[in-house]
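Undergrad: Single-letter residue listing:
Protein chains: 8
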Amino acid sequence: MSEESAGGIRDLGFARLDTDRAARTGDPEVVYGAGKTPQQVVEILTTLHEAHPERAVLATRLTERAVEVLVEALPDVVVDPVARAATLGPLPSPRGTVCVVSAGTSDAPVATEAALTARVYGAGVRVVTDVGVAGLHRVLAARADLESADCLVVVAGMEGALPSVVGGLVGVPLVAVPTSVGYGAAFGGLAALLGMLNSCAPGVTVVNIDNGFGAGVFAARVARNSRPRDIEPA
Amino acid sequence: MSEESAGGIRDLGFARLDTDRAARTGDPEVVYGAGKTPQQVVEILTTLHEAHPERAVLATRLTERAVEVLVEALPDVVVDPVARAATLGPLPSPRGTVCVVSAGTSDAPVATEAALTARVYGAGVRVVTDVGVAGLHRVLAARADLESADCLVVVAGMEGALPSVVGGLVGVPLVAVPTSVGYGAAFGGLAALLGMLNSCAPGVTVVNIDNGFGAGVFAARVARNSRPRDIEPA
Amino acid sequence: MSEESAGGIRDLGFARLDTDRAARTGDPEVVYGAGKTPQQVVEILTTLHEAHPERAVLATRLTERAVEVLVEALPDVVVDPVARAATLGPLPSPRGTVCVVSAGTSDAPVATEAALTARVYGAGVRVVTDVGVAGLHRVLAARADLESADCLVVVAGMEGALPSVVGGLVGVPLVAVPTSVGYGAAFGGLAALLGMLNSCAPGVTVVNIDNGFGAGVFAARVARNSRPRDIEPA
Amino acid sequence: MSEESAGGIRDLGFARLDTDRAARTGDPEVVYGAGKTPQQVVEILTTLHEAHPERAVLATRLTERAVEVLVEALPDVVVDPVARAATLGPLPSPRGTVCVVSAGTSDAPVATEAALTARVYGAGVRVVTDVGVAGLHRVLAARADLESADCLVVVAGMEGALPSVVGGLVGVPLVAVPTSVGYGAAFGGLAALLGMLNSCAPGVTVVNIDNGFGAGVFAARVARNSRPRDIEPA
Amino acid sequence: MSEESAGGIRDLGFARLDTDRAARTGDPEVVYGAGKTPQQVVEILTTLHEAHPERAVLATRLTERAVEVLVEALPDVVVDPVARAATLGPLPSPRGTVCVVSAGTSDAPVATEAALTARVYGAGVRVVTDVGVAGLHRVLAARADLESADCLVVVAGMEGALPSVVGGLVGVPLVAVPTSVGYGAAFGGLAALLGMLNSCAPGVTVVNIDNGFGAGVFAARVARNSRPRDIEPA
Amino acid sequence: MSEESAGGIRDLGFARLDTDRAARTGDPEVVYGAGKTPQQVVEILTTLHEAHPERAVLATRLTERAVEVLVEALPDVVVDPVARAATLGPLPSPRGTVCVVSAGTSDAPVATEAALTARVYGAGVRVVTDVGVAGLHRVLAARADLESADCLVVVAGMEGALPSVVGGLVGVPLVAVPTSVGYGAAFGGLAALLGMLNSCAPGVTVVNIDNGFGAGVFAARVARNSRPRDIEPA
Amino acid sequence: MSEESAGGIRDLGFARLDTDRAARTGDPEVVYGAGKTPQQVVEILTTLHEAHPERAVLATRLTERAVEVLVEALPDVVVDPVARAATLGPLPSPRGTVCVVSAGTSDAPVATEAALTARVYGAGVRVVTDVGVAGLHRVLAARADLESADCLVVVAGMEGALPSVVGGLVGVPLVAVPTSVGYGAAFGGLAALLGMLNSCAPGVTVVNIDNGFGAGVFAARVARNSRPRDIEPA
Amino acid sequence: MSEESAGGIRDLGFARLDTDRAARTGDPEVVYGAGKTPQQVVEILTTLHEAHPERAVLATRLTERAVEVLVEALPDVVVDPVARAATLGPLPSPRGTVCVVSAGTSDAPVATEAALTARVYGAGVRVVTDVGVAGLHRVLAARADLESADCLVVVAGMEGALPSVVGGLVGVPLVAVPTSVGYGAAFGGLAALLGMLNSCAPGVTVVNIDNGFGAGVFAARVARNSRPRDIEPA
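Residue numbers (the numbering used here), protein chains in the order written: chain A, 1 to 234; chain B, 1 to 234; chain C, 1 to 234; chain D, 1 to 234; chain E, 1 to 234; chain F, 1 to 234; chain G, 1 to 234; chain H, 1 to 234.
Hints in this document: simulated from the structure, not taken from any laboratory.
Treat the hints with caution; some may be incorrect.
To spell it out: a stretch of chain C is covered by chain A in this simulated footprint if at least three of its residues, at any positions, have a beta carbon under 8 Å from a beta carbon of chain A; those stretches are [as the list claims (entries may be wrong)]: (1) 86 to 100; (2) 203 to 216.
From the structure, some residues in chain B lie toward chain A, with a derived Cβ separation under 10 Å [to be verified]: (3) Leu-12; (4) Pro-38; (5) Val-71; (6) Ala-103; (7) Ala-134; (8) Leu-162; (9) Gly-184; (10) Ala-192; (11) Leu-193; (12) Gly-195; (13) Leu-197; (14) Asn-198.
All of these numbers come straight from a predicted model, not from anything done at the bench.
C-beta: ideal position from N, C-alpha, C; glycine also.
Let's have the full structure, built from the sequences with the hints guiding it.
TA: Here it is as structure tokens:
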């Protein structure tokens, strides 16, 4: 082991990688692509993959250009174009179930980022889309999917009311993700954020606007540590 | 007619009353009680009632002390303690129906103010309470009441999601009233206000925080001018 | 009926269309163009038109490119360039009258969107433009048009004072639309929004910034259900 | 002259008074009463009056208790209870005319503070009250008073639309004063402040919320330096 | 069963109680004490307890007066004075572990409310107090407690940095609770709320300011459904 | 006179021009260029100039392209490139003096717009630039210029402190213009705006962020009506 | 040493005291009085004083009642009523000089808290009061005091312009403290805070609104470590 | 000396340079590049360098184009591409030590600007990067560097928690710089700014968002005036 990687730290010049993080928390390595050049993303991804070839590394917030460079440089990379994300290496076996619910088609990038993240972080994932509050029958139709999950991720923009409706239906842990979908007094997701923070359904928690990644991390940690459904609690 | 009431204007010293307003708009006279002494409320109410003895005058935002003074000074006054409001004179015959829906028990003062106002402004009124978004079955159970109204007033605090749910169920004109119920990031009703302004249900309009009066005025104007239900449109 | 359209739901892959919505609310189908590719707009519009060939379908928030593609793909489409909107199919017979009033020439896109929407939703529409508060004579000159409408839509940016002035003149139900016209402390329409929410004229309701569509929907619902003018109320 | 008043500065321990300010700017001395004990107000007022017995000294933002103490300690003091202010010493001869216009009865304290301030600062003052935007005929009836003034002070709370209406009628310099009258989304005067800053009438300037004093100072400086009406400009 | 309690709904006049909620979600009944009279709290608590005598009912946000009335009326009630909360009936057996961590002594009411809530909702609870960010050694000393929990609730006011520090140490699901502790630019908890929403530690979720109850509900749902520590995941 | 210009109103299709405004207020005609095509600016400018050939018409907020088109279409137009404005027709004789003071070189566009506007509105104008608060000697050096003006326009971005300093030096009416110069917590001019509204110097009034035009209008109205300096007040 | 004080930590039940903090940073112990009962303040102060009898302990944000209880319980306590603070034990020898400058008399509590804190933290302190921006001569007269200090603390409310003026005069490190003095658009100190953050004078740093304590701590750390004035730098 | 440079002022037409500023405050000359053309930057830099050839002049906020022009026009210029800044002339001998600490790689431009500024202003500089709060071991590993500095500059975006952690470790004067790194509820650096202003670590001061320059100026002034480490305080 070279000096620059002592203590699990690899120094690439433009970034110091803590390649032992997984060992500490059980989570995979992640490259946050925003503000990085495509070449930097490739380099970090490669380094992390070499350190942990047995488990998928995740890259998020990729520009179109970064995706092109990635695909060319790393033939084994798997890109999710809707989530603007990519993985390199085998996905872990799924444990528990995260159900990602989204309100409108415009929320898809955030919802998909949450779903992919949860999967890479070790959970099984189920996706339910386009169940807006103004069409209650769609929410009600998805009830079985919602109830059988170990953790819910509910994604919505505009007024962000979906978590309240879902949270009133089922008692599953629920992480709400406000999106920046909307205009005018949506104020870039602020309306949805405040709506979710003030949800009248108890037990709703919230992450930052458009932070599908954070919700996926949290939900996976809950789901993969959940009691299997066939082991009934006392 | 004395000089000081020329042109339908009566000058009480601390206020100038436009006693011909009703003739101009078909609406009753109203005393906004906030910031006025109980004695001033009595005096204005008396003056307006004398100018229009055939139709109820409305007083809103009354303090407890104002209510006491009113009841003693004007035995014919009818007080609605929940709405913190009072009327003097006969209510008009109801035309059309306003349905006032509220989310929680804490929203009652605002919802009741809206209901009383709509009634004094000439509409029939139906009230549905405690139909929070986190208990969808209550909303669904009220669907017939919602659909048969000429105008809906939907009152909610916290995340203010109820108008989106109701507006997705029925196509009746819907006025949403955010309330200051909540704490923390509710910011005194701001969260509910923003939520309602960004409702994904089309055709939702909004009034100021806690403005049950304004919603009642608007809804009554819509309802009393509505086509009777037995006259089917072409 | 194919499986994918069971229950009035058509699934296009990128969107699930609820082609029975009209039956539920009496409203037309609408395509919200923002965030959709021109080809997606064409496909949804076509699908909805096929489901309801007897009644106009509305597409809003169209980009210039979307308009070009639409016109080429669907020769029968009717484009309103100021409103950045288009319709496909015959307009319904007008019932009742919505009067759309706007303050300045920059408010035209929002006002025109409101007018077209109200028309497609079944109301007759009258338009009064350029009646800014700083030129009261123009407002007063339009008084007859204002009074004879069943519902008013009042569009203004900057300080958003026009609804207060109009609402003080007539007792017609009034929906105010703040626009993002202005700069500096207009804060993208916030000043107009707050001004309208705090209107001293009773019975003013408000929609989101630049939401001409929502105001049009609401006003049409009020107008088309209004008592014909020659049937005097009791 | 004692040492502690060298250079026109008098040091009272809790405050250093610049008793030569009047000589520098032509303005009177003023005691800002907020946050001072009644006894401190008396002491400062006395000191300033002794330094300038020939011209009125002004005390603003007085509590009820401060007024009681003032009246007892200084029999010559003249109290304006609505403005929560007092003067000691002879008022200057009026030069020019300030017209103070206010929208509602709740704006009276601020409007009266502006009027008294303008008078103490040397202008003649005319007051027009209760001319809300929702009652345009009152505004129009006051047009002659508005046009003949050298400077207007227009006071309004809630949506603060009155300055736009007045500023569209006449070309007189206009200072707008937003008040904290209102509730909910009035946000303590913010709605009125933003409305006034974005007025579509050119040439409207604005002071802080409830700052009748500042508007009065400004307007008096304009009015007392104005060309007499009988000296026509070239 | 009387008519007024049909369908698990009991109508007390001032509130409609859904006494079957527990059956639907596995959660206990709760009385939110804010805005209710002490007598109302007693009545609701009694009704809910009678419906579910086998499981504790929780009352939160109690005033001092409400606590006095409760203790007198219901001798079996157990009051937690720091949490301003009370329980009536036997606590459930604890399943899983929630660890509640708080930054300063002023955060105690919120932290204690979270702890009591989590306990009543069925989790075991461990409490770690006074581990402010500015004293890192206290955080580090608590690491074993943090790592062995199934869900963390981290409570902090002012800049709200504690969740970032804790979230960087361990990979346990973490719910952050901002408190209104602070002054000036803390803006009633807004600074802490924004800090937590923007945490650089992945997987931090957030609830409303001072919402210890919501965090406790969420954390209990996670913990009581967690895989027992001695059943290792595959 | 053709029908479309009856009552001093000329209708260009895209705008209705009130060509009698000057007669009403003594002010010139103005074209607000923002949001208009270059050709529209030319057309309006031409129409207004034809109606009032004896007095300059002002066009503001011109894009570079609009300036090019203007210069080509109207050879007599005079362009001020810093102010992004142009005039057509002879300037009026100056009456009174407006002194425009600005803090930094980045404030020049706003300051120049104010100066040109004041000149077109009939005042004489003096300009003092680059007198930032952090270089007090420059402010003090300009004192004579400040004192001899009839109205001051003080332009500053960032913290907007210059009006307080200038307003403490002289008793001349002072209009403050916050600019959007700055970054970060300047929030697009909000910091300067708030600073100016809270100025500790009495008699400071404020206009919208970057609104040099409004300040120029106001200041010209004050200055041109001011008592000539050689006619001493009584 | 008892168990509960192991590692320099003393546990009082309601608070854990880190009695070794001084050793780590060279700073004194401090009791933040807000939110503590008078008896708790006495108990903590006593405990800290016993641990460090050789150096003053500081208590801040004391209520009037806390001061009364303190004086009675601890005869040796020294109270500063303006700063609402108290010390117990001998002050350290002063090293270096902090100069605290304040704009208005209402800023005195914050300025005095800063001065006392700096003194208890080991610096010499000089105080300059009432040097508002609107009276530049007072600022200029204090220039020598400003220049000879090792660190400046500049306290101002309202528009908070004083730091810019002082920072433009001298190159001494300057900590600005915004105060909540003001009303309306001062927004509880926000205007002053933003003004100071955007100061055009380079090298101005800012603390929280009303945080005289924090400014005093910082300034003392700078001053007491400063090169003595008679040791000229190379 | 030509007339235009009398009193140390050089007038370049587009800017007036105060070439004696250094003499007054001991600081270097600086060109703020934002909003200036590359040619203007060259011209000002040249002029300032000619006036002070013995000491480096600093140019900040340079665009890429400005850097290109600078390098071509002034071969002796030294560019720091990360800081987007350049110097011309010899750097001063370092006195004292500023340690610049930053949280993430995205904070590098601001941190580097702070470091270069501090160096040009006369301090020695040490840089510690990538010590995010979520990786405490990196912070702890840098403790010796932190403790031995005379002033710390701590740069962080997102929740801005790093200054609290660092400020809790050491008692060195600490200037915090919030950056605009983040998204959603980071609100362009507002979350970090509020977090730093509310730091629970005493003695943290804050500058504007992204203002590395201001922090560098302040820190250099503190460091270069600090007591040398080998001269122990009494």
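Undergrad: Run every hint past the structure and note whether it holds.
TA: Verification of the supplied hints:
For the stretch 86 to 100 of chain C, the proposed coverage by chain A is not satisfied: 0 residues have a C-beta within less than 8 Å of a C-beta in that chain, short of the threshold of three. Coverage of the stretch 203 to 216 of chain C by chain A holds in this model, with 4 residues showing a Cβ closer than 8 Å to a Cβ of that chain against a need of three. Violation of the interface hint for Leu-12(B) is found here, the shortest Cβ-Cβ separation to chain A being roughly 40 Å, above the 10 Å cut-off. Because the smallest distance between the Cβ of Pro-38(B) and any Cβ of chain A comes to about 36 Å, over 10 Å, the interface hint for this residue is violated.
Interface restraint check for Val-71(B): the shortest CB-CB distance to chain A comes to about 36 Å, outside 10 Å, so the restraint is violated. About 7 Å separates the beta-carbon of Ala-103(B) from the nearest beta-carbon of chain A, less than 10 Å, and the hint is met. About 3 Å separates the beta-carbon of Ala-134(B) from the nearest beta-carbon of chain A, less than 10 Å, and the hint is met. At a threshold of 10 Å, the smallest CB-CB gap from Leu-162(B) to chain A is about 9 Å, leaving the interface hint in force.
With a cut of 10 Å, the hint placing Gly-184(B) at the interface with chain A holds, because the nearest CB-to-CB distance is about 7 Å. Checking Ala-192(B) against chain A: minimum C-beta separation of about 7 Å stays under 10 Å; hint holds. Restraint check, Leu-193(B) versus chain A: the minimum CB separation of about 8 Å is within 10 Å; hint holds. For Gly-195(B), the suggested interface contact is upheld, since its CB lies about 4 Å from the closest CB of chain A, less than 10 Å.
Hint on Leu-197(B) holds. Least Cβ distance to chain A is approximately 4 Å, under the 10 Å limit. About 4 Å separates the beta-carbon of Asn-198(B) from the nearest beta-carbon of chain A, less than 10 Å, and the hint is met.
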